[in-house]
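Engineer: So the chains spell out like this:
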Amino acid sequence: MSAVIIDREKCIGCGACVDVCPFDALSMKDDVAVVNEKCTLCRACLDVCPVDAISLPELVTQPGTPDKETYQGVWVWVEQFKGQACSISWEMMGQGRKLADERKAMLTACVLGHEVEHIAREAVAYGADRVFWADDPTLQVYRSVPYARILVSLAKHYKPEIFLLGASMRGRCLASSVAAELYTGLTADCTGLEIERDSGLLRQTRPAFGGNILATILCPEYRPQMATVRRRVFEMPVADAGRQGQVIPVPAELNEDEITTRVLDFIVEHEEVNLAEAKIIVSGGRGAGGAEGFKIIRELADVMGGAVGASRVAVDAGWISYDHQVGQTGRTVRPDLYIACGISGSIQHLAGMSTSRVIVAINKDPDAPIFKVADYGLAGDLFKIVPALTKQLKKKIGSGGE
Amino acid sequence: MNIVVCIKQVPDTTEVKVDPETGTLMREGVPSIVNPFDEFAIEEALSLRQTFGGRVTVISMGPPQAASALRQALGMGADEAVLLSDRSFAGADTWSTSYTLAAAIRKTGPFDIILCGKQAIDGDTGQVGPGIAVQLGIIPLTYVSKINRVELTSAPGVIEVERMLDEGREIVEGRLPVLLTVVKDINVPRLVSISDIRRALGIQIPTWTAADLPGVDSRKLGLKGSPTRVSRIESPPRRASKGEMIPVDNVDEAASALVDKLRAAKAL
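Chains A and B supply the protein sequences, listed in that same order. Quick note on the working numbering: the first sequence kicks off at 3 and runs consecutively. Quick note on the working numbering: the second sequence kicks off at 158 and runs consecutively.
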């Protein structure tokens, strides 16, 4: 039922579709392509078949969202922590503005928190035409249920066409809750968002399979089209304090008594830079050899105002806490500068950092895979190179370089 | 205490190689494994059972061969396992998967805690866990790195967990039942011995189809019930790396050269 249809008469047995299938769903049998249940209808094979022997099944019409044509405008959830907006929120406002202009529609920001009117004003400066501003003590710290309740109720009433949230820990949780409640599509961790010319649909591009493939996802029949967006993909817009926009206060939906969770405490390990938002990251791996190695790595990070990252090996060895792990099993980062010290560069580590703007690799082994993605490589002893780098930076920054 | 763990069988993405010529995935011979994050969920369920007693039920949705993932969970010590497998489930996105799993969890009976991995390593969405919670009308607590305490004496019971967020760790208390998604830091999954597997072979794994799930709306299942459509799959553009090696015979000169280059590239 849910697999591509192969015309056995047309198929010439070239095997092009077998090679291109990302899901191992096609194979050759008696010189004809056959499909198995792993098919996801991704259409990768349709493009490569030289004789047009592959087609999509007639999909049973989806129920879809009723009146989907009435959904209009682009919405952005503005995430805040301790009364400060997270930069991903403004990055989304920049891209959201472009999408809204293309759809000739309004850009709306949703600001939830306590004593956050200043963030509502900032949202206007960053491009919002309208801000829904929910300000209540119950919303001071993020909690999924009271937050989702407000966004669901606003979305049901005002019907946005597109709804973007940051792919942060909170954003992913909140977006899932809202999409589940609204019965609509949600694409996680997008690195590309654009409007498809003919259909006007939102084309959402995201990495999958540990960054080995890029998938483009559509949500044709359901509204809003929802996506979480990766940090530092879209450019930070310039705030314009003179911009005008409407700020509409909205009430909280739940009393404290109706909320079944309490946030008791928040522990910040060191007063250090948030890895996900860091512009500069210095990471250590197996080659760091122990907590001592991380001491010099931290010194280098400190002199540049950067954050400290780590490979899985270093975390598993107990040299540094899991909060610092970069890679598929840890955090995904995208800094301007990533310095990998004593990290070999496994596929999983690369999945978490290979989109950094500039990559420096320092490793004893000149054949380490990390050098393949590095812009600058230093094949040598990190215990000599890292302190030398710290010293140079101190000197050059001290001499008024920055 | 009744605990349900949702697991997924995934291709071992660390074994996936990309064909250097065509840029496509080479999945031949790639082993199927239990999603690594789900192993932490199973382990946490087993240690909760050790403290509080009760049952651990493991559920997976997938093709018939996903039974081997459940077999492993039984080997680790789960009490029972259910496979959700039906042609009409195929092609489900995260919405439809959550819907189907929630229906199955309802059928297994009353529960106190549902555990999931923080995300599966093939899709990397992290959306199914919170989706299940919403379908069941319970609270999701995501990215849990530690369970600090569980109190069953009060009614309703209370759980206190530590969650890993971007800025640090949050301590949250919630009323049971809850759904937790867990990160790697929470425990070290036990190894499965041969005798464990032998013991687990005696446990039957029932397969439930759509017909076995009371009250499900067949229009919400599988590809048909999934709001999202994959429109294109491509290999990501290869990173355009400069690949410039800086000689390190004199580390101070090398460091100085690097700093100058990074400044020129506006990376500092």
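Errors might be hidden in some of the hints.
Straight-line C-alpha distance at most 35 Å; calculated DSBU-like pairs for lysine-lysine [to be verified]:
(1) B:Lys-399 / A:Lys-281
(2) A:Lys-374 / B:Lys-423
(3) A:Lys-366 / B:Lys-423
(4) B:Lys-377 / A:Lys-31
(5) A:Lys-158 / A:Lys-297
(6) A:Lys-397 / B:Lys-381
(7) B:Lys-303 / A:Lys-281
(8) B:Lys-418 / A:Lys-393
(9) A:Lys-161 / A:Lys-297
(10) A:Lys-396 / B:Lys-423
Pulled a few chain A residues facing chain B out of the computed Cβ check, cut under 7 Å [claimed, not checked]:
(11) Thr-218
(12) Ile-219
(13) Tyr-224
(14) Pro-253
(15) Asn-257
(16) Phe-385
(17) Ile-387
If you're looking for bench data, these hints aren't it; they were derived computationally from the structure. Don't be surprised by glycine CBs; every beta carbon is placed ideally from N, CA and C.
Engineer: Does each hint hold? Answer for all of them.
Structural biologist: Against the structure, the hints come out as follows:
no. : hint                  : result
1   : B:Lys-399 / A:Lys-281 : holds, 20 Å
2   : A:Lys-374 / B:Lys-423 : holds, 21 Å
3   : A:Lys-366 / B:Lys-423 : holds, 26 Å
4   : B:Lys-377 / A:Lys-31  : holds, 34 Å
5   : A:Lys-158 / A:Lys-297 : violated, 52 Å
6   : A:Lys-397 / B:Lys-381 : violated, 63 Å
7   : B:Lys-303 / A:Lys-281 : holds, 29 Å
8   : B:Lys-418 / A:Lys-393 : holds, 16 Å
9   : A:Lys-161 / A:Lys-297 : violated, 52 Å
10  : A:Lys-396 / B:Lys-423 : holds, 17 Å
11  : Thr-218               : holds, 4 Å
12  : Ile-219               : holds, 5 Å
13  : Tyr-224               : holds, 4 Å
14  : Pro-253               : violated, 22 Å
15  : Asn-257               : violated, 15 Å
16  : Phe-385               : violated, 10 Å
17  : Ile-387               : holds, 5 Å
Checked against the numbered hints above, the structure violates hints 5, 6, 9, 14, 15, 16; every other hint is satisfied.
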